[in-house]
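Residue numbers (my numbering), protein chains in the order written: chain A, 2 to 164; chain B, 2 to 164; chain C, 2 to 164; chain D, 2 to 164; chain E, 2 to 164; chain F, 2 to 164.
Incorrect hints may appear among the rest.
Dumping the calculated PhoX-like pairs for lysine-lysine here, alpha-carbon to alpha-carbon at most 25 Å [stated by the list, open to error]: (1) Lys114(C) to Lys55(A); (2) Lys152(C) to Lys54(F); (3) Lys75(D) to Lys152(B); (4) Lys55(D) to Lys156(F); (5) Lys55(C) to Lys18(E); (6) Lys41(A) to Lys55(A); (7) Lys156(E) to Lys144(A); (8) Lys41(E) to Lys73(F); (9) Lys73(E) to Lys55(C); (10) Lys144(D) to Lys156(E); (11) Lys55(B) to Lys41(B); (12) Lys55(D) to Lys41(A); (13) Lys18(A) to Lys144(D); (14) Lys54(F) to Lys18(F); (15) Lys55(D) to Lys55(C); (16) Lys73(A) to Lys114(A); (17) Lys55(D) to Lys152(F); (18) Lys144(D) to Lys156(B); (19) Lys144(F) to Lys144(A); (20) Lys55(D) to Lys75(F); (21) Lys144(B) to Lys55(A); (22) Lys144(B) to Lys18(D); (23) Lys75(D) to Lys73(C); (24) Lys73(F) to Lys114(F); (25) Lys54(D) to Lys55(C); (26) Lys55(A) to Lys55(C); (27) Lys152(B) to Lys152(D).
For the record, the hints were derived by calculation from the structure and aren't laboratory data.
Protein chains: 6
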Amino acid sequence: MTSFQHNHEHIDENMFKIEVNLDDMSGELIGHLMEELLAKGANDVYYTPIYMKKNRPGILLSVLVSVDAVEKIKEVLFRETTTFGLRYTPFIVHRLGRDFIEVGTQWGIVRVKQAIYKGTIIQQSPEYEDCRLIAQREEIPLKQVYEEVYKQLMKTNHKDASK
Amino acid sequence: MTSFQHNHEHIDENMFKIEVNLDDMSGELIGHLMEELLAKGANDVYYTPIYMKKNRPGILLSVLVSVDAVEKIKEVLFRETTTFGLRYTPFIVHRLGRDFIEVGTQWGIVRVKQAIYKGTIIQQSPEYEDCRLIAQREEIPLKQVYEEVYKQLMKTNHKDASK
Amino acid sequence: MTSFQHNHEHIDENMFKIEVNLDDMSGELIGHLMEELLAKGANDVYYTPIYMKKNRPGILLSVLVSVDAVEKIKEVLFRETTTFGLRYTPFIVHRLGRDFIEVGTQWGIVRVKQAIYKGTIIQQSPEYEDCRLIAQREEIPLKQVYEEVYKQLMKTNHKDASK
Amino acid sequence: MTSFQHNHEHIDENMFKIEVNLDDMSGELIGHLMEELLAKGANDVYYTPIYMKKNRPGILLSVLVSVDAVEKIKEVLFRETTTFGLRYTPFIVHRLGRDFIEVGTQWGIVRVKQAIYKGTIIQQSPEYEDCRLIAQREEIPLKQVYEEVYKQLMKTNHKDASK
Amino acid sequence: MTSFQHNHEHIDENMFKIEVNLDDMSGELIGHLMEELLAKGANDVYYTPIYMKKNRPGILLSVLVSVDAVEKIKEVLFRETTTFGLRYTPFIVHRLGRDFIEVGTQWGIVRVKQAIYKGTIIQQSPEYEDCRLIAQREEIPLKQVYEEVYKQLMKTNHKDASK
Amino acid sequence: MTSFQHNHEHIDENMFKIEVNLDDMSGELIGHLMEELLAKGANDVYYTPIYMKKNRPGILLSVLVSVDAVEKIKEVLFRETTTFGLRYTPFIVHRLGRDFIEVGTQWGIVRVKQAIYKGTIIQQSPEYEDCRLIAQREEIPLKQVYEEVYKQLMKTNHKDASK
Chain A
2 MTSFQHNHEH IDENMFKIEV NLDDMSGELI GHLMEELLAK GANDVYYTPI
52 YMKKNRPGIL LSVLVSVDAV EKIKEVLFRE TTTFGLRYTP FIVHRLGRDF
102 IEVGTQWGIV RVKQAIYKGT IIQQSPEYED CRLIAQREEI PLKQVYEEVY
152 KQLMKTNHKD ASK
Chain B
2 MTSFQHNHEH IDENMFKIEV NLDDMSGELI GHLMEELLAK GANDVYYTPI
52 YMKKNRPGIL LSVLVSVDAV EKIKEVLFRE TTTFGLRYTP FIVHRLGRDF
102 IEVGTQWGIV RVKQAIYKGT IIQQSPEYED CRLIAQREEI PLKQVYEEVY
152 KQLMKTNHKD ASK
Chain C
2 MTSFQHNHEH IDENMFKIEV NLDDMSGELI GHLMEELLAK GANDVYYTPI
52 YMKKNRPGIL LSVLVSVDAV EKIKEVLFRE TTTFGLRYTP FIVHRLGRDF
102 IEVGTQWGIV RVKQAIYKGT IIQQSPEYED CRLIAQREEI PLKQVYEEVY
152 KQLMKTNHKD ASK
Chain D
2 MTSFQHNHEH IDENMFKIEV NLDDMSGELI GHLMEELLAK GANDVYYTPI
52 YMKKNRPGIL LSVLVSVDAV EKIKEVLFRE TTTFGLRYTP FIVHRLGRDF
102 IEVGTQWGIV RVKQAIYKGT IIQQSPEYED CRLIAQREEI PLKQVYEEVY
152 KQLMKTNHKD ASK
Chain E
2 MTSFQHNHEH IDENMFKIEV NLDDMSGELI GHLMEELLAK GANDVYYTPI
52 YMKKNRPGIL LSVLVSVDAV EKIKEVLFRE TTTFGLRYTP FIVHRLGRDF
102 IEVGTQWGIV RVKQAIYKGT IIQQSPEYED CRLIAQREEI PLKQVYEEVY
152 KQLMKTNHKD ASK
Chain F
2 MTSFQHNHEH IDENMFKIEV NLDDMSGELI GHLMEELLAK GANDVYYTPI
52 YMKKNRPGIL LSVLVSVDAV EKIKEVLFRE TTTFGLRYTP FIVHRLGRDF
102 IEVGTQWGIV RVKQAIYKGT IIQQSPEYED CRLIAQREEI PLKQVYEEVY
152 KQLMKTNHKD ASK
């Protein structure tokens with residue numbers, strides 16, 4: 002296992018949440034928009050089903066974005082949606098430290114993202130895309146790949162514990 | 002209080018549920034559709050938010066309809082939605098007996114729908130539209146109108162019990 | 002086509018979002034509330050299905066309102082819901098410029114709302130109520146009315162483009 | 002009926018909403034988390050179903066918490082969830098005055114929480130746990146217990162009104 | 002590890018799904034109902050948020066129940082909800098074989114439910130209540146208990162594999 | 002425009018809906034599953050957010066599949082999910098006739114799927130993937146591509162109407 006990236010735990014006060022309520026745009030176009038927003042600099046994008054006036058099922062579009070990218074994301078939203086306005090508000094993010102390790106499995110290497118909270122590893126998350134590629138190539142269930150990665154992680158952890 | 006309608010408790014085996022998944026139609030049009038379907042003979046209509054392929058937020062449209070009205074409702078769905086197909090399945094309904102009574106309040110009469118299960122009144126439901134009209138005319142909270150109707154119902158029930 | 006209203010693109014920093022979590026109020030009363038809040042000055046109202054403690058399906062009620070109407074809306078919420086408290090937070094709105102044009106169809110005139118972003122028309126939205134009235138009067142699908150309006154809009158745009 | 006608690010109507014500006022988006026944690030673990038957060042000082046906790054990238058059904062976890070408990074709740078979230086970060090933002094709460102009265106029923110006493118808005122009782126809410134215990138012990142529908150409590154409340158209010 | 006229960010994989014054609022749409026009952030009462038239905042013989046119960054007429058956020062209540070318990074569950078639904086009717090339809094269930102094993106951890110024994118598909122163990126699911134009791138007693142995160150159980154399961158499986 | 006495929010309007014009585022309730026599987030794995038099921042012969046797949054026991058946010062997985070593919074899909078579900086059982090029920094599908102035409106735009110050809118109801122074209126739906134490729138290649142909003150296709154369709158329809 003080799004560590005190849007590090008980010009320290011920190012508080013980020015330069016983030017905004019942008020919201021748009023959509024009731025006159027199809028799910029087909031809304032689905033496409035998620036990729037666009039992530040490609041243009043959004044940190045995260047998610048949709049919430051909401052009840053709007055006149056019996057309309059609507060979608061609340063939420064974008065998390067750093068202050069530097071707000072204008073760019075606003076432009077994407079105005080160009081790609083049907084909205085006549087959008088709203089935003091600042092918020093604070095507490096991000097854990099991040100590290101990547103590499104774990105060997107019988108089907109090849111999988112990266113695992115680790116979260117560090119006050120100096121201790123608190124989460125270990127196998128990279129979805131690495132696991133998915135193996136599952137597709139080997140024609141095995143995705144959950145089996147995850148299980149194998151966790152198994153290898155536990156072996157390693159056991160060794161560490163026995164030092 | 003005067004009873005002016007009666008329907009006996011029964012099992013209805015002539016009902017269908019029609020379903021359509023929608024991902025390329027706006028909430029605005031879907032909202033309008035509900036009224037249309039109820040006007041054209043649907044017993045009930047409801048929408049469920051669903052997750053469809055390609056990150057699309059979709060709507061599952063469900064219509065409950067008696068066998069006689071299936072063709073009419075299918076035509077409305079094909080004409081008013083964007084769907085290329087619809088699915089349906091029969092189901093059984095157990096309907097309670099129904100009766101209406103009239104309850105006097107300081108603002109006028111409100112109809113109350115009663116459900117009868119094995120010969121006993123088991124639900125008492127003030128008519129929404131009667132209550133809403135009073136709330137709007139009197140400019141009082143709707144929940145206050147409901148509370149007053151329940152109060153009058155309890156008085157009456159108390160009298161009945163003391164016979 | 003005649004333009005009969007204009008609002009410039011602007012940033013509004015005087016808006017609040019008020020939220021209430023509801024788990025002891027029926028859908029019937031919650032449905033009525035939406036109309037009440039819009040009638041009493043809310044800019045927008047929407048409901049989100051949420052999971053609350055003790056297995057309770059709840060509703061998160063959100064109201065978007067300008068600072069001037071906050072007290073009025075708070076009163077409506079306290080009088081019409083069952084809540085013991087409400088929360089709010091300011092947010093910023095970026096509203097596009099707005100203009101209305103009138104479009105002629107074979108069934109009469111329909112207003113179309115246009116959004117203007119940095120001086121360019123970026124959205125064109127047929128007025129729902131105009132279209133719905135035509136659909137009901139003519140007994141045609143609502144989507145057919147929208148399609149006709151878009152067709153007329155495209156003809157016009159084509160003319161403009163050929164100048 | 003005896004009053005045994007009082008809290009005045011007030012505005013609280015020391016509240017935060019903490020949010021976490023979860024897409025790699027099971028519903029089983031998320032269900033457990035709600036109890037944990039309430040036990041560790043959260044004022045309220047609720048979950049919202051959201052659509053996340055790559056067709057993932059996710060959960061938006063929201064915690065309402067006073068400024069004093071923010072650090073404690075952050076620790077619970079980092080230890081009990083799989084998240085690599087969390088976000089938060091302050092908000093204002095308007096809480097109504099609160100009082101408890103006791104109402105006698107044929108099955109025992111039930112506490113009723115009252116909300117006071119500008120000096121007037123505006124909500125009366127039977128304590129869920131009191132009603133539930135009676136329903137279970139007496140093997141009667143929970144709604145029947147609530148109805149009886151409302152009936153007793155109305156009798157009392159009637160007496161008050163006739164003074 | 003000791004096996005103490007066995008159920009063979011089978012197809013069950015004696016199941017019904019009962020559905021009720023609710024728009025005039027509070028989340029508080031609906032939450033209570035889930036426990037009641039499970040206690041009275043329902044195999045499973047779940048709620049779906051739906052959009053009903055007149056802007057009402059409603060709940061679709063679904064109960065999975067064997068044919069023998071249909072009448073009992075119908076009575077609970079009529080007594081505990083506000084509904085005037087309910088609907089149901091048969092369905093087929095394919096249940097995997099089930100076995101329980103016991104796994105030792107540093108905090109005590111945890112039962113693990115195994116699913117057997119065509120003679121092969123295909124799922125291994127630690128019993129939630131066993132894990133939760135340990136998490137509460139030991140004041141450790143629930144996910145840590147699950148991780149430890151999976152670790153012990155992998156050790157065992159490894160031994161089996163090496164025979 | 003050239004027509005290159007045709008399917009007649011018909012009723013299909015050989016379809017099944019398979020359902021699984023999931024509360025112990027992450028959104029990450031559930032997202033992957035959708036692609037797998039579509040690749041292995043499912044006609045359609047969708048997820049519904051549901052409320053399960055013990056405060057668990059769950060997902061109802063629904064798969065629409067022809068009778069021939071039921072066994073294959075059952076195997077995928079047992080291998081790729083954590084479920085101990087699944088349920089299914091037959092339903093009837095009414096599919097409209099289908100035809101494809103090709104529409105020329107300034108950026109290239111887009112296929113449009115047409116639905117035929119009782120011999121009349123009732124829906125015209127531009128192929129999402131064709132439009133999306135153009136939007137990405139030309140770096141223009143997806144909705145602009147759709148609008149252009151609709152514009153070309155209207156021109157053509159106008160010509161047809163004038164014959």
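Against the structure, the hints come out as follows:
1. Lys114(C) to Lys55(A): Given pair Lys114(C), Lys55(A) holds - Cα atoms ~18 Å apart, limit 25 Å.
2. Lys152(C) to Lys54(F): violated (51 Å)
3. Lys75(D) to Lys152(B): violated (47 Å)
4. Lys55(D) to Lys156(F): At roughly 37 Å apart (the allowed maximum being 25 Å), Lys156(F) and Lys55(D) break the hint.
5. Lys55(C) to Lys18(E): Roughly 24 Å separates the two Cα atoms, so the pair holds.
6. Lys41(A) to Lys55(A): violated (34 Å)
7. Lys156(E) to Lys144(A): Measuring from Cα to Cα gives roughly 18 Å; hence the hint holds.
8. Lys41(E) to Lys73(F): Between Lys41(E) and Lys73(F) the Cα gap is close to 35 Å, so the pair fails against 25 Å, i.e. violated.
9. Lys73(E) to Lys55(C): Given that 25 Å is the threshold and the Cα spacing comes to 24 Å, the pair holds.
10. Lys144(D) to Lys156(E): Violated. Lys144(D) to Lys156(E) sits at ~51 Å, over the 25 Å cutoff.
11. Lys55(B) to Lys41(B): violated (34 Å)
12. Lys55(D) to Lys41(A): holds (17 Å)
13. Lys18(A) to Lys144(D): It is violated: about 41 Å lies between the C-alpha atoms, which goes past 25 Å.
14. Lys54(F) to Lys18(F): Given that 25 Å is the threshold and the Cα spacing comes to 23 Å, the pair holds.
15. Lys55(D) to Lys55(C): violated (31 Å)
16. Lys73(A) to Lys114(A): Since the Cα atoms of Lys73(A) and Lys114(A) sit roughly 29 Å apart, the hinted pair is violated (cutoff 25 Å).
17. Lys55(D) to Lys152(F): violated (32 Å)
18. Lys144(D) to Lys156(B): Holds - the C-alpha atoms of Lys156(B) and Lys144(D) are around 18 Å apart, at most 25 Å.
19. Lys144(F) to Lys144(A): Given that 25 Å is the threshold and the Cα spacing comes to 37 Å, the pair is violated.
20. Lys55(D) to Lys75(F): holds (23 Å)
21. Lys144(B) to Lys55(A): holds (21 Å)
22. Lys144(B) to Lys18(D): Distance of about 30 Å is beyond 25 Å: violated.
23. Lys75(D) to Lys73(C): violated (35 Å)
24. Lys73(F) to Lys114(F): Violated, at roughly 29 Å.
25. Lys54(D) to Lys55(C): Judged against 25 Å, a Cα distance of about 30 Å means the pair is violated.
26. Lys55(A) to Lys55(C): It is violated: about 31 Å lies between the C-alpha atoms, which goes past 25 Å.
27. Lys152(B) to Lys152(D): holds (7 Å)
Hints 2, 3, 4, 6, 8, 10, 11, 13, 15, 16, 17, 19, 22, 23, 24, 25, 26, counting from the list given before, are not met by this structure.
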